[in-house]
Amino acid sequence: AQSVTQLDSQVPVFEEAPVELRCNYSSSVSVYLFWYVQYPNQGLQLLLKYLSGSTLVKGINGFEAEFNKSQTSFHLRKPSVHISDTAEYFCAVTDPNAGGTSYGKLTFGQGTILTVHP
Amino acid sequence: GAGVSQTPSNKVTEKGKYVELRCDPISGHTALYWYRQSLGQGPEFLIYFQGTGAADDSGLPNDRFFAVRPEGSVSTLKIQRTERGDSAVYLCASSLGSRETQYFGPGTRLLVL
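Residue numbers (the working numbering), protein chains in the order written: chain R, 1 to 118; chain Z, 119 to 231.
Hint data in this document are derived by calculation from the structure and do not stem from the laboratory.
Among the clues, some could well be false.
[What the hints assert, rightly or not] Label-pair restraints from in silico Cβ distances:
| hint | chain 1 | residue 1 | chain 2 | residue 2 | range |
| --- | --- | --- | --- | --- | --- |
| 1 | Z | Lys135 | R | Ser84 | 28 to 34 Å |
| 2 | R | Ser30 | Z | Ser176 | 16 to 22 Å |
| 3 | R | Gln45 | Z | Arg140 | 17 to 23 Å |
| 4 | Z | Arg182 | R | Pro18 | 23 to 29 Å |
| 5 | R | Pro79 | Z | Glu189 | 24 to 30 Å |
| 6 | R | Ala17 | Z | Asp181 | 45 to 51 Å |
[What the hints assert, rightly or not] Listed next, the stretches of chain Z that the computed footprint assigns to chain R, with coverage defined by at least 3 CB atoms under 8 Å from CB atoms of chain R:
| hint | region |
| --- | --- |
| 7 | 146–158 |
| 8 | 161–171 |
[Claimed, not checked] With a Cα cut of at most 20 Å, we get these calculated SDA-like pairs of lysine to any residue:
| hint | chain 1 | residue 1 | chain 2 | residue 2 |
| --- | --- | --- | --- | --- |
| 9 | R | Lys49 | Z | Leu231 |
| 10 | R | Lys49 | R | Tyr32 |
| 11 | Z | Lys133 | Z | Leu178 |
| 12 | R | Lys49 | Z | Gly215 |
| 13 | R | Lys58 | Z | Val207 |
| 14 | R | Lys49 | Z | Glu162 |
| 15 | Z | Lys129 | R | Gln42 |
| 16 | Z | Lys196 | Z | Arg182 |
| 17 | R | Lys49 | Z | Pro188 |
| 18 | Z | Lys196 | Z | Phe184 |
| 19 | R | Lys58 | R | Arg77 |
| 20 | Z | Lys129 | Z | Ser213 |
| 21 | R | Lys49 | Z | Leu214 |
| 22 | R | Lys58 | Z | Tyr221 |
| 23 | Z | Lys196 | Z | Tyr136 |
| 24 | R | Lys49 | Z | Thr219 |
| 25 | Z | Lys129 | R | Pro40 |
| 26 | R | Lys69 | R | Phe14 |
| 27 | Z | Lys129 | R | Asn24 |
| 28 | R | Lys49 | Z | Pro126 |
| 29 | R | Lys49 | R | Ser26 |
| 30 | Z | Lys129 | Z | Ser205 |
| 31 | Z | Lys129 | Z | Val207 |
Here the structure is a predicted model, which means the values were calculated and not measured.
All residues carry an ideal CB built from backbone N, CA and C; glycine is no exception.
Start from the sequences and build out the full structure, keeping to the hints where you can.
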């Protein structure tokens, strides 16, 4: 079974500073990887996803993530954060080679709360 | 357009009671998922519907939990004889197909006293 580890439960940063949120997943032959963001009192929103191709994936709101197969990581980065980026971020994985009924079953990490201070 | 909606947004019940949680997916989405998010944890998969049928219910914790999607649109998650450990946020997501992006609803926060 897949597993996802988000190494930091909370990340405080100052506005306009760069940020990296770390995500590692259990080894598998192949994976699809996702980052979701959850703003207070809102549902999960997809930030970006890696399915195949370029290992550097760009998402919404200036976020990007890099897939590193050898280190089984998919860290999320933003060069300059805003107050509005304060939210909880979840890394998730699915196995594209799972049977058709199991493909969409996402396995999530425990989440990282990003707090941006003025 | 309208996103995934869930009702109620909050539900407080007493131990042993029966509850129903409703999910309205995005129109036209054939795949529907239920997840449970306990405090301080990431969402955990419960069940996946493709159309009207439950294609994968391997995440349901026990037989007190049951879900239906009779017409391939709205889904209801049913919990019998609720326990305090069932307290969590129950999330619903839908997608065009099983290999498409999942769109999440705001969740139902269930508190069992």
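Hints versus structure:
1. Between Lys135 of chain Z and Ser84 of chain R the C-beta distance comes to about 40 Å, which lies outside the given range of 28 to 34 Å.
2. Checked against the hint of 16 to 22 Å, the C-beta distance between Ser30 of chain R and Ser176 of chain Z comes to roughly 21 Å, which is consistent with it.
3. Between Gln45 of chain R and Arg140 of chain Z the beta carbons are some 21 Å apart, a value that agrees with the proposed interval 17 to 23 Å.
4. The beta-carbon spacing between Arg182 of chain Z and Pro18 of chain R, approximately 47 Å, falls outside the hinted interval of 23 to 29 Å.
5. Range check, Pro79 of chain R to Glu189 of chain Z: about 47 Å between beta-carbon atoms, so the 24 to 30 Å window is missed.
6. Checking the proposed 45 to 51 Å range against Ala17 of chain R and Asp181 of chain Z shows it holds: the Cβ atoms sit about 50 Å from each other.
7. Using a Cβ-Cβ cut-off of 8 Å, 4 residues of the region 146–158 of chain Z lie near chain R, which meets the minimum of three, so the contact claim holds.
8. For a cut-off of 8 Å, the count of residues in the region 161–171 of chain Z with a CB near a CB of chain R stands at 5, and the three-residue condition holds.
9. With a CA separation close to 39 Å, the supplied pair Lys49 of chain R and Leu231 of chain Z exceeds the 20 Å bound.
10. With a C-alpha separation of about 7 Å, the suggested pair Lys49 of chain R and Tyr32 of chain R falls inside the 20 Å cut-off, and the hint holds.
11. Straight-line distance between C-alpha atoms of Lys133 of chain Z and Leu178 of chain Z comes to about 19 Å, which keeps the hinted pair within the 20 Å bound.
12. The suggested pairing of Lys49 of chain R with Gly215 of chain Z holds, with an alpha-carbon distance near 16 Å, which does not exceed 20 Å.
13. Pair hint Lys58 of chain R plus Val207 of chain Z does not hold up; C-alpha atoms about 30 Å apart against a cutoff of 20 Å.
14. Annotation: proposed proximity of Lys49 of chain R to Glu162 of chain Z holds, straight-line Cα distance about 19 Å (limit 20 Å).
15. Distance hint between Lys129 of chain Z and Gln42 of chain R is fulfilled; the C-alpha atoms sit about 17 Å from each other, no more than 20 Å.
16. Distance check on the hinted pair: Lys196 of chain Z and Arg182 of chain Z sit about 8 Å apart at the alpha-carbon level, within 20 Å; holds.
17. Under the criterion of a C-alpha separation no larger than 20 Å, the hint pairing Lys49 of chain R with Pro188 of chain Z is inconsistent with the structure, at around 32 Å.
18. Among the hinted pairs, Lys196 of chain Z with Phe184 of chain Z is consistent with the structure: their alpha-carbon atoms are about 5 Å apart, no more than 20 Å.
19. Distance restraint check for Lys58 of chain R and Arg77 of chain R: the Cα-Cα separation of roughly 10 Å lies within the 20 Å cut-off, and the hinted pair is therefore satisfied.
20. At most 20 Å may separate the alpha-carbon atoms for a hinted pair to count; Lys129 of chain Z and Ser213 of chain Z exceed this at roughly 26 Å.
21. Restraint check for Lys49 of chain R and Leu214 of chain Z: satisfied, since their Cα atoms lie roughly 16 Å apart, inside the 20 Å limit.
22. For the proposed pair Lys58 of chain R and Tyr221 of chain Z, the alpha carbon gap of about 19 Å is at most 20 Å, so the pair holds.
23. Proximity of Lys196 of chain Z to Tyr136 of chain Z is assessed by CA-CA distance (about 7 Å); at most 20 Å being required, the pair is judged to hold.
24. Proposed proximity of Lys49 of chain R and Thr219 of chain Z is supported: the alpha carbons are some 9 Å apart, at most 20 Å.
25. Distance hint between Lys129 of chain Z and Pro40 of chain R is fulfilled; the C-alpha atoms sit about 18 Å from each other, no more than 20 Å.
26. The straight-line distance between the Cα atoms of Lys69 of chain R and Phe14 of chain R is roughly 31 Å, outside the 20 Å bound, and the hint therefore fails.
27. Between Lys129 of chain Z and Asn24 of chain R, the direct Cα distance comes to roughly 35 Å. Violation of the 20 Å bound is thereby established for this hinted pair.
28. Distance check on the hinted pair: Lys49 of chain R and Pro126 of chain Z sit about 30 Å apart at the alpha-carbon level, beyond 20 Å; violated.
29. Between Lys49 of chain R and Ser26 of chain R the alpha-carbon distance is near 17 Å, which keeps this suggested pair within the 20 Å criterion.
30. The hinted pair formed by Lys129 of chain Z and Ser205 of chain Z meets the criterion: a straight-line CA distance of about 10 Å does not exceed 20 Å.
31. With a CA separation close to 10 Å, the supplied pair Lys129 of chain Z and Val207 of chain Z stays within the 20 Å bound.
Of the numbered hints listed earlier, those contradicted by the structure are 1, 4, 5, 9, 13, 17, 20, 26, 27, 28.
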